[in-house]
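**Q** Hey, can you work out the whole structure from these sequences and the hints?
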Amino acid sequence: MDHSSDTMVPLETLRAFDAAARTGSFSAAAEKLNITHGAVSRQIAKLEDWLGLKVFDRGARGVSLTIEGNRLHLRTAEAFALISTHSDRWVEPRGTAVVRLTSIPSVSGLWLMPRMAALENNPSKLRIVLDVDIRQADLADEGIDLSIRCGRGGIPGRVSVQLFEEHVFPVASPELACEIGRGDPARLLKYPLINDSDASAWRAWFAAQGMDYRPRPQDRRFEDYNLVLDAAAYGL
1 MDHSSDTMVP
11 LETLRAFDAA
21 ARTGSFSAAA
31 EKLNITHGAV
41 SRQIAKLEDW
51 LGLKVFDRGA
61 RGVSLTIEGN
71 RLHLRTAEAF
81 ALISTHSDRW
91 VEPRGTAVVR
101 LTSIPSVSGL
111 WLMPRMAALE
121 NNPSKLRIVL
131 DVDIRQADLA
141 DEGIDLSIRC
151 GRGGIPGRVS
161 VQLFEEHVFP
171 VASPELACEI
181 GRGDPARLLK
191 YPLINDSDAS
201 AWRAWFAAQG
211 MDYRPRPQDR
221 RFEDYNLVLD
231 AAAYGL
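The sequence shown begins at 1 in the working numbering and counts up by one.
The hints are simulated quantities; they were obtained by calculation from the structure and are not laboratory data. Because the structure is a prediction, the values reported are computed rather than measured. If a hint is listed, it holds; no wrong ones were tucked in.
Derived lysine to aspartate or glutamate pairs resembling DMTMM-like cross-links, with alpha carbons at most 25 Å apart:
no.	residue 1	residue 2
1	K46	E12
2	K46	E78
3	K32	E12
4	K190	D212
5	K46	E31
6	K190	E179
7	K32	E68
8	K54	E223
9	K32	D18
10	K54	E31
11	K46	D18
12	K54	D230
13	K32	E78
14	K190	D219
15	K32	E48
16	K54	E12
17	K46	D57
**A** Listed below in structure tokens is the structure:
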């Protein structure tokens, strides 16, 4: 199928996919979007035809995301969140202190999200406008108050505060962990290793074990750290 630059999945198709992924049901998605069950089914069929793969497994009790569907939903959910966030920039709530914060995807999902409610519901009534991005933002030009990034700080013209230290250790699906077993770290090198765009964590961990590691052709790389964790959980 031709996926040229001028061919894009319609927004209503992605909205139907997102609703079905969140609810686990075409019927519930249809009710949420105020359309028919058949309309949702057609949109999902259109998406699967466009991608050339299944995004849902159908069952008697509803639908569940396939591995590919889960990967796609991570992206679409992030995209819809970005649209919502940037739309909210134009509406300032009265009597509420607005803090514009930019953070990388992994920290946003794994560390910040569990704390958002407590931050916004404290007596100061903060409202956090979150911008998820991997690039180093220009705080002044983009009207951003705070930036959360991985690094050593010390950026000229900015005040850096350490939030936490990074602790590095291997993780795997329960099945794969049992297969690898405990003991000799060299056993890990018999399997594909997963990392994001920076393989320094693996190098540092193997160095601490007295071993040298360099990325290999069989190793897997994902730009988004959330996908790295998902890939490990699925036993890739």
